[in-house]
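Enquirer: Sequence:
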Amino acid sequence: MPMGHTATAQAGSGGLTATEHRLANGLRVVLSEDHLTPVAAVCLWYDVGSRHEVKGRTGLAHLFEHLMFQGSGQVKGNGHFELVQGAGGSLNGTTSFERTNYFETMPTHQVELALWLEADRMGSLLAALDEESMENQRDVVKNERRQRYDNVPYGTAFEKLTALSYPEGHPYHHTPIGSMADLDAATLEDARAFFRTYYAPNNAVLSVVGDIDPEQTLAWIEKYFGSIPSHDGKQPPRDGTLPEIIGEQLREVVHEEVPARALMAAYRLPHDGTRACDAADLALTVLGGGESSRLHNRLVRRDRTAVAA
Numbered sequence: 001m002p003m004g005h006t007a008t009a010q011a012g013s014g015g016l017t018a019t020e021h022r023l024a025n026g027l028r029v030v031l032s033e034d035h036l037t038p039v040a041a042v043c044l045w046y047d048v049g050s051r052h053e054v055k056g057r058t059g060l061a062h063l064f065e066h067l068m069f070q071g072s073g074q075v076k077g078n079g080h081f082e083l084v085q086g087a088g089g090s091l092n093g094t095t096s097f098e099r100t101n102y103f104e105t106m107p108t109h110q111v112e113l114a115l116w117l118e119a120d121r122m123g124s125l126l127a128a129l130d131e132e133s134m135e136n137q138r139d140v141v142k143n144e145r146r147q148r149y150d151n152v153p154y155g156t157a158f159e160k161l162t163a164l165s166y167p168e169g170h171p172y173h174h175t176p177i178g179s180m181a182d183l184d185a186a187t188l189e190d191a192r193a194f195f196r197t198y199y200a201p202n203n204a205v206l207s208v209v210g211d212i213d214p215e216q217t218l219a220w221i222e223k224y225f226g227s228i229p230s231h232d233g234k235q236p237p238r239d240g241t242l243p244e245i246i247g248e249q250l251r252e253v254v255h256e257e258v259p260a261r262a263l264m265a266a267y268r269l270p271h272d273g274t275r276a277c278d279a280a281d282l283a284l285t286v287l288g289g290g291e292s293s294r295l296h297n298r299l300v301r302r303d304r305t306a307v308a309a
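First residue of the sequence shown? That's 1 in UniProt numbering, and the numbers climb one at a time after it.
These aren't lab readings, by the way, just hints derived from the structure by calculation.
Errors might be hidden in some of the hints.
[Claimed, not checked] Simulated restraints, written as ranges between beta carbons of each label pair: (1) A127 / Y166: 29 to 39 Å; (2) T305 / A279: 49 to 59 Å; (3) A185 / A280: 36 to 46 Å; (4) R196 / R302: 27 to 37 Å; (5) G289 / T17: 20 to 30 Å; (6) V140 / H35: 21 to 31 Å; (7) A219 / G247: 36 to 46 Å; (8) E132 / T17: 43 to 53 Å; (9) H35 / E189: 24 to 34 Å; (10) D184 / E291: 38 to 48 Å.
[Said to hold, decoys possible] Below are the DSBU-like pairs computed for lysine-lysine, each with C-alpha atoms no more than 35 Å apart in a straight line: (11) K55 / K234; (12) K142 / K55; (13) K223 / K55.
We put the CB at the ideal spot given by N, CA and C, even for glycine.
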């Protein structure tokens, strides 16, 4: 076992097992072998999302996700894309209220490349972060907002529902895409401060799953990530406490030029991580999870009173 980390075995399900390790710098590592196909997935999960943003800087977590693909200390420009795709892999990143993650699916013999790339941008992104990449990705994100939200039917419906469900000042009051005004207001120093605050090994989980040799994979992780320093500058998210019962029905009617009328509803559920919340999540899937769901079968197929559910 390499020096500078601890390890814990975890039981899995369906014949899969996982081992968890923690490097000396705080990086949590989860490894799981699955030799069914000669590929492996690398996922780096940072504990930062839109709920950590401050007033006037909504959308910064998602904007920074884009900046992570604009080069790092040893990888220039679009090199991350070029190296992964040139090795036969695929890659992407996503931002949610709670977290930001980056992932690559690679042929077995190219897993080391993905680990090196992730470590390089965790440890040295600031070396490549400049005004040009900031302006470029600001425009990309603003265009994404136009195409997915502002200029498509029902595009802002979830945004409106979120703002209605959570009061002003609550960390879920705004969605990860952010507002145009806040995207325009974000500065290069905002982005640099965001990286320094949240992009550290002790604020991340790295998982590697697939056709791997766990001992070799852990050695690579120690080699590339082990020297990246941890820090304690993370700011806690804003308080998300809400009353158990809203006490009233909140409703908003929006008049827009759309093909058909639509209804979106949200219900206050028990706290995440409880059996009651898990049961509600399962019920949601049964009721509305795709074309085999009960709502789709009833409203779209049988009654034909809706075009989608």
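Enquirer: All hints, please: hold or fail.
Expert: Here's how the hints hold up against the structure:
Between A127 and Y166 the C-beta distance comes to about 38 Å, which sits within the given range of 29 to 39 Å. Hint check: T305 to A279, Cβ distance near 28 Å, so the stated range 49 to 59 Å is violated. Restraint check, A185 to A280: a C-beta distance of roughly 37 Å satisfies the suggested window 36 to 46 Å. Hint check: R196 to R302, Cβ distance near 56 Å, so the stated range 27 to 37 Å is violated.
Checked against the hint of 20 to 30 Å, the C-beta distance between G289 and T17 comes to roughly 29 Å, which is consistent with it. For V140 and H35, the hinted distance range of 21 to 31 Å is not satisfied, since their beta carbons lie about 38 Å from each other. Look at A219 against G247: about 56 Å separates their beta carbons, and that is not inside 36 to 46 Å. In this structure, E132 and T17 meet the distance hint of 43 to 53 Å, their C-beta atoms being roughly 46 Å apart.
For H35 and E189, the Cβ-Cβ distance of about 47 Å falls outside the hinted range of 24 to 34 Å, so the restraint is violated. A hinted range of 38 to 48 Å holds for the C-beta pair D184 and E291, which are about 40 Å apart. Only pairs whose Cα atoms come within 35 Å are accepted, and K55 paired with K234 is accepted, the gap being roughly 17 Å. Between K142 and K55 the alpha-carbon distance is near 18 Å, which keeps this suggested pair within the 35 Å criterion.
Straight-line distance between C-alpha atoms of K223 and K55 comes to about 39 Å, which puts the hinted pair past the 35 Å bound.
Hint check: violations occur at hints 2, 4, 6, 7, 9, 13; the rest are consistent with the structure.
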